[in-house]
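**Q** In order, the protein sequence lines correspond to chains A and B.
Counting in the numbering used here, the first sequence runs from 11 upward without gaps.
Counting in the numbering used here, the second sequence runs from 6 upward without gaps.
Derived from the structure by calculation, the hints contain no laboratory data.
The beta carbon of each residue, even a glycine, is placed where N, CA and C say it ideally should be.
Careful: at least some of the hints might be erroneous.
As the list claims (entries may be wrong) - Which residues of chain A face chain B? A few of them, derived with a C-beta cut under 8 angstroms, are:
#, residue
1, I71
2, S74
3, L161
4, I175
5, T176
6, I225
7, G229
8, S233
9, V238
10, V242
11, I243
12, V246
13, F249
14, V250
15, V251
Take a look at the letters that make up each chain.
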Amino acid sequence: MNIAQIIDASAFFSAGICMGTGAVGAAIGEGYAAGEAVNSISIQPKASAEILKTMLVSMAIAESASIFALVVAILLLFQNFTEGNLYTAMALISAGISMGIGAFGAGVGSGFPGGTACRGIARNPRATTQISTNMLVGQAVAQTPAIFAMLVAFILMYKSYPSTITITYLAAILGAGISMGFGAIGPGIGGGIAAASAAEGVAKNPEVSNILTRIMLIGQAVSQSTSVYALVISFVLLFVVK
Amino acid sequence: MGDIGKILQLHFTLMGMNITLNIKTILMSWLIMASLIIFSLLVTTKIRLVPTVLQSLAETIVQAFDKLVADTLESNDRKYFPFITALFMFLLLCNYIGVIPGCDEPTKDLNTPLGLAILGFIIAHYSGIRYKGILKYAKEYLEPFFIMAPLNLIGELAKVISISFRLFGNIMGGSIIIIVVSHLVYSLVLPPFLYAFFGIFVGTVQAFVFTMLSLVYIALQIKE
Numbered sequence: 011m012n013i014a015q016i017i018d019a020s021a022f023f024s025a026g027i028c029m030g031t032g033a034v035g036a037a038i039g040e041g042y043a044a045g046e047a048v049n050s051i052s053i054q055p056k057a058s059a060e061i062l063k064t065m066l067v068s069m070a071i072a073e074s075a076s077i078f079a080l081v082v083a084i085l086l087l088f089q090n091f092t093e094g095n096l097y098t099a100m101a102l103i104s105a106g107i108s109m110g111i112g113a114f115g116a117g118v119g120s121g122f123p124g125g126t127a128c129r130g131i132a133r134n135p136r137a138t139t140q141i142s143t144n145m146l147v148g149q150a151v152a153q154t155p156a157i158f159a160m161l162v163a164f165i166l167m168y169k170s171y172p173s174t175i176t177i178t179y180l181a182a183i184l185g186a187g188i189s190m191g192f193g194a195i196g197p198g199i200g201g202g203i204a205a206a207s208a209a210e211g212v213a214k215n216p217e218v219s220n221i222l223t224r225i226m227l228i229g230q231a232v233s234q235s236t237s238v239y240a241l242v243i244s245f246v247l248l249f250v251v252k
Numbered sequence: 006m007g008d009i010g011k012i013l014q015l016h017f018t019l020m021g022m023n024i025t026l027n028i029k030t031i032l033m034s035w036l037i038m039a040s041l042i043i044f045s046l047l048v049t050t051k052i053r054l055v056p057t058v059l060q061s062l063a064e065t066i067v068q069a070f071d072k073l074v075a076d077t078l079e080s081n082d083r084k085y086f087p088f089i090t091a092l093f094m095f096l097l098l099c100n101y102i103g104v105i106p107g108c109d110e111p112t113k114d115l116n117t118p119l120g121l122a123i124l125g126f127i128i129a130h131y132s133g134i135r136y137k138g139i140l141k142y143a144k145e146y147l148e149p150f151f152i153m154a155p156l157n158l159i160g161e162l163a164k165v166i167s168i169s170f171r172l173f174g175n176i177m178g179g180s181i182i183i184i185v186v187s188h189l190v191y192s193l194v195l196p197p198f199l200y201a202f203f204g205i206f207v208g209t210v211q212a213f214v215f216t217m218l219s220l221v222y223i224a225l226q227i228k229e
């Protein structure tokens, strides 16, 4: 068994982890949005066109966490990482863990605002524009942890590694992926909860939508600081530890 | 299938320096900029009371964004309105152009979104310093405690990363999925629908998200 085979094996294994775990979160989130949309149409059948449109847009955004996982999985499958050593093999596995598990929180989280936005439109159809703008911003920001996970996955895949193998740096590479992957779960869900409540609030009182969006962004930024810690630790593990 | 994620590059040496140009990205962005300029010239040279099709299209865009910018910034100062509208129209065409055979989205190349994100970052922070004064602006980094300053700084820089990678990841992801699925089904039936979904639908949503986030970051800086 030569090194090229080991790298191929780890790429395939990693692609499986990446897409398998990366598909879970977005599916839950989108299901929640769809369920709430159906519920809202039963409350306010006249607004069904708007609700359907909002549901589809919110799903398209919630899906992007899984699309990131799919991109990393496809790159792992079809790009030939021929040059490399044991570090490359470990880095590919780590990239899959980072992106796969990192997509979970953002997928679940960005489903919540979609659901509450649909309910809000049913409750207050005249505020549709404000509600959907707020929902878009909230969902997009809730996805930040998944984007950090994708960044770490790309760095792991395309970084050049030293030629002498040490067990400590092998562990550090794996640790970078684990740190970012698991670190992205909570902030994704938390940011989604904040955005969901903001969408609900805009529906209740559209006049203050600017203040609500601003407070929501500040709250999301603070709740996402834990994913920034995870990102910092990943970078320390990759670039500082020897 | 081996060329997934590859971008056409031009390498040459000029006065001893190795220069790499992403030639297709540059050509496509110039094409889009040229078409936007031609569109604006066509629309604004002959303004009629009863609008033509092009004029009413332009009026719709301008009105919608005028209202959006005024509502978000809570002022009738139209200083940021041209930047935001131009950003949206440029990104929209960037994401649509992949539908035309032989053309590539400039947003598929990380350099385009990253450049635009840095532009938005500089504008937002410059406005923050202008509106609040340098002392009040600097003081915000020391909140809630002064120990948090490095993390606040990283948080601000992370905004640039997240806004640019969000657009890049979605457009790049869409194009990779189109390549792989087209290859698997021998380019039968499915690709047009995929282009409609990833090019038109996701492209519109992501262009709006990028524009809206740039606007909101400006609003966050000039408020309070």
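**Q** Check the structure against each numbered hint from earlier and tell me which ones fail, lowest number first.
**A** 4, 5, 6, 7, 8, 11, 12, 13, 14 and 15
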